[in-house]
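Colleague: Chains as they are written, first to last, in our numbering: chain A, 7 to 343; chain B, 7 to 343; chain C, 7 to 343; chain D, 7 to 343.
Don't read these hints as lab results, they were simulated from the structure.
Dumping the calculated PhoX-like pairs for lysine-lysine here, alpha-carbon to alpha-carbon at most 20 Å:
hint: 1; chain 1: A; residue 1: Lys-101; chain 2: A; residue 2: Lys-147
hint: 2; chain 1: D; residue 1: Lys-101; chain 2: D; residue 2: Lys-70
hint: 3; chain 1: B; residue 1: Lys-196; chain 2: A; residue 2: Lys-196
hint: 4; chain 1: A; residue 1: Lys-259; chain 2: A; residue 2: Lys-171
hint: 5; chain 1: B; residue 1: Lys-8; chain 2: B; residue 2: Lys-147
hint: 6; chain 1: C; residue 1: Lys-196; chain 2: D; residue 2: Lys-196
Letter by letter, the chains look like this.
4 protein chains.
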Amino acid sequence: MKTRVAILGASGYTGLELARLLLRHPAAEITALGTRSEESPHVSEVHPSLTGQLDLRLEPLSAKQLAERADAVFCCLPHAASAEAVAGLLAEGLKVVDLSADYRLRDVAVYEEWYKVTHPDPGRLASAVYGLPELYRDQIKQADLVANPGCYPTSAILALYPLLKAGAISGEGIIVDSKSGVSGAGRTPKPAFHYPECNESLSAYGVGTHRHMPEIDQFLTEAAGNAVEVIFTPHLIPMDRGILSTSYASLAKGTDTGGLLEVLREFYRDEPFVDVIDTLPATKHVAFTNRCHVTARVVRGRAVVVSAIDNLIKGASGAAVQNFNLMFGHDEIAGLI
Amino acid sequence: MKTRVAILGASGYTGLELARLLLRHPAAEITALGTRSEESPHVSEVHPSLTGQLDLRLEPLSAKQLAERADAVFCCLPHAASAEAVAGLLAEGLKVVDLSADYRLRDVAVYEEWYKVTHPDPGRLASAVYGLPELYRDQIKQADLVANPGCYPTSAILALYPLLKAGAISGEGIIVDSKSGVSGAGRTPKPAFHYPECNESLSAYGVGTHRHMPEIDQFLTEAAGNAVEVIFTPHLIPMDRGILSTSYASLAKGTDTGGLLEVLREFYRDEPFVDVIDTLPATKHVAFTNRCHVTARVVRGRAVVVSAIDNLIKGASGAAVQNFNLMFGHDEIAGLI
Amino acid sequence: MKTRVAILGASGYTGLELARLLLRHPAAEITALGTRSEESPHVSEVHPSLTGQLDLRLEPLSAKQLAERADAVFCCLPHAASAEAVAGLLAEGLKVVDLSADYRLRDVAVYEEWYKVTHPDPGRLASAVYGLPELYRDQIKQADLVANPGCYPTSAILALYPLLKAGAISGEGIIVDSKSGVSGAGRTPKPAFHYPECNESLSAYGVGTHRHMPEIDQFLTEAAGNAVEVIFTPHLIPMDRGILSTSYASLAKGTDTGGLLEVLREFYRDEPFVDVIDTLPATKHVAFTNRCHVTARVVRGRAVVVSAIDNLIKGASGAAVQNFNLMFGHDEIAGLI
Amino acid sequence: MKTRVAILGASGYTGLELARLLLRHPAAEITALGTRSEESPHVSEVHPSLTGQLDLRLEPLSAKQLAERADAVFCCLPHAASAEAVAGLLAEGLKVVDLSADYRLRDVAVYEEWYKVTHPDPGRLASAVYGLPELYRDQIKQADLVANPGCYPTSAILALYPLLKAGAISGEGIIVDSKSGVSGAGRTPKPAFHYPECNESLSAYGVGTHRHMPEIDQFLTEAAGNAVEVIFTPHLIPMDRGILSTSYASLAKGTDTGGLLEVLREFYRDEPFVDVIDTLPATKHVAFTNRCHVTARVVRGRAVVVSAIDNLIKGASGAAVQNFNLMFGHDEIAGLI
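With the hints as constraints, model all of the structure from the sequences given.
Modeller: Next comes the structure, spelled out in structure tokens:
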């Protein structure tokens, strides 16, 4: 019997991407689409690319209604709104993958400093499981609530965690220079994402202020065993999807390119979705997949680590399905091939 | 002495493009930038690409104030708003190039049917000069008010007018299949022009309902000497700028590709900005220029005429500068090389 | 047990797309990748996006070797080369989906006129089955050799065949104005497809000379019951994938937009991959799917029919998988969700 | 009287861009176009975008022939080929702006290590003037031969030179993470620049091996007064033109964002083409101009400096025209507005 799943906040890009993946999933059935709007449009009006493939309306559904129709909920609401909904969903016995930022940071003070809101459900932060299966597979299997990672942090943590853990690089002065396609900015039209403004252009944004910075810090600190503070610079690239992160770190001990690659290969040996490659990654090679390509080089005594993911899949909806698979005992790669 | 020019409605793409061209113009000086907003931002805040090049603020200026600062006004306001402003500008003795649609159609009933507004200045319609120098150069030289052509009509009329005039094609059943870059949609963010929606996509829009259809009709009717009604289909192309129109018409008499090209070459022999070419046009070859590339083929007994322009230059601001040059006795190509 | 499939000519874009679809197919297994080159690179060197997903080398394989490893062959060789290989494959008892143009045209003289080569296997032309399941599903089920349709013809035939068949439009003077993304041009670098040449540009090409013109003629002639000759104009659009065709035809009798849509809806009522929609199609809504979106309008007494497909999927590899499913008795939509 | 100029190696993108700028130049006249090929195509065949604007053929011209027709030569040949030509041109009394890499590095050993060729004219290296007017304006005015800077070095040196010179940042561990549009790769079709390969993709390349690394080193070393070795990582971005460099450096003393900006503003106070801005640069804001936008931030105790240029203009042909203006006593901004 298929697991019945609902998508809350189904009108955005991560909601659409989840629908696409789950329609293809042999052990999941989409049974409800939630929205915070009062209208109830058919999904094909909201997402014309789902025409003929999913016959549901987006509806303003209560936790109780969701519990009647589904076993699992993918929550794609904005931060704060998400945590407000999650408590109710868990109380109804639903398992939840939360794609917002609400349960990623363990320290409520850090959350409130960076997100500028009072956390609606602070009690659950310390125990929330971070949905990066490459780090926390066993905990995810046991979890009722999984905090799906941010897109940039996924690319940075997968690149740097193993090297820090193995002591191959130092946690001091790490720089993560990331580049993302525009879908990462969401579906709401804004001047910066108006086609003639960002097409054929390239810019840095949020220098020193992006909310994914403390999320990266938190997990690299865990890997290093002492406080890591990265300098994280995101850039907007004129393409739909894809993140490439180029990370720079001091070598902790005399190692070479081969040594870095060996650490990465060892760490990801059994991972279904991370490929340590010899060539330099391109986002196109992972676009529309749940995969991460990563490589490393030593240049003038520093480690340069380059990683690529599809921000909407491995950086959001694909990771969410991977987490869902682990939580419900499905094949980890189901729906993700 | 330089001609002092003002740009009304300077915050959009045609305003920006006018500023770029006029900054390079040896006989013009930008002396005022008008806006309908109450704020008065510096032009470099509105158009960062003009940083260091133009030290003016956008201001809400009256006709009187404009007349004190300028000799000519380029009016880039939306339709209806433009006609409301123009009467006042002319009354102050200013010469005006109007980039809106307000003075292009000669019949007020047609205007009001297609634009769904009451025309604010209907008395001036019959006498307004249509700013296509290839057709109306002499009238433009004498005019105080020039109606700058629409972008799609420019591409279609330059392609078909000479052939109709010469009797090489029939006015019956003409089809104009046009494709435009996204800047033609203006600078206001809307879902359809949100980068991830229109990037990597291609669509038809306004099939049978686009307002440029009666504008094309009007001038092809003039060329043919009897009523022409075209079927005009615009398409949105994922690129910044450029229009390519592929037009289809019945041959009025037995002519071949060479014959069509000869008619076009003869008509445009002395034109500084129209190139009749043997190869097939590409918008990139006219991008950032005031030129039109046009060619023709006979295929299975029909004429296929392909024309390319930059929608923001030959289709808007470049044509406006060309008209300005004619109105003020400057070299016709000044600022347009 | 899974059907074992081989891809011949696996280094191009249709080969890559086939591999992606077949990896996801529950009843197919890729067992061989053929190439005409002497080298035998691993597929992940040729297609880095398949890294970690398919552990095969591209090899120069004989028909006999292919027959040992596979039950079905997808042949992605260039025209003429393909027909040379097909006879051998069929002789070995393999079933073949041929993605080249070699078996699409029924008249060898037409083939040789347009393709400028002697057909290597003319005897099979008259009996070959054209792999458009919407027209020839029953024949495809029985076929050992299916000629997979061209990308442009798929978009044009799906738009016009039902309307001609129903007598809603006339076969006289049909115009098909098509626009395609650049992947349709294949994987070999050429000046016209060098990124800075075709990015941010839009052009017509092959006006009156494109090889897909007689292919469209052939099937529209069948629908109309008398000779149809279309005027077909392809255009190159700066995007990866997608075809939008805007077709124009005279109305055969007084019908309106609703009438045209009704004919299309009736014809495609049970089709799994064709959606007759009320809104205007956009290629993005069918990108990465095997679907076709189509709509129609009456404009000034003419039919305007707009259809959109993904040129690499419904226009090539997806259609090939759909044909494969029919030939082998698999669920028609397997691997195509 | 106008200065007569020739462009050698006129068939590439820098040649085209030079022609565009010089056609607009009030004091220059293009009198010859050189090519190494034996054919002599009309420039409009090679560059359709110059149709109707320049009536010259590309010809295989000797130094002597060039000296008869021109006063100045812009040399756009590949490295090594350029130096082979330059000696002859200078011997004929021509002034030369060399857009190749041949005279940028002062140490022939460094040149030969990175460019893997024997330098054809090593004697001129030590005395060659590097054509970055912001650093060497006075020397350029006196020079007969100017080595036009590389595109990446221009963006990096303009960002970092003033800060190093002022002692605001340390030369230790500088990282330059640069991103460039595809035109930087030149006009020769190659798989990596085939539209469907690089469109919608983003990749790093030449990590630790790019030839612009020692060029950046050389001038930052000069600024710092001691050996600087940067880690330089270029990335390929799916757009035509533009370079954005994000550079990271340790602060040499306790300074803040305001302090960094002040150093930059002071250094560029009188520069016509460098804008120190408060907001973050976007390449679109400098596209098709000779300008550089630059800003700086202190993030977690490090300097992050972001600079943007048009790689074909300020990074190549525009800088070349600026140098030409200085060498011939023309207004420095002539042709560059």
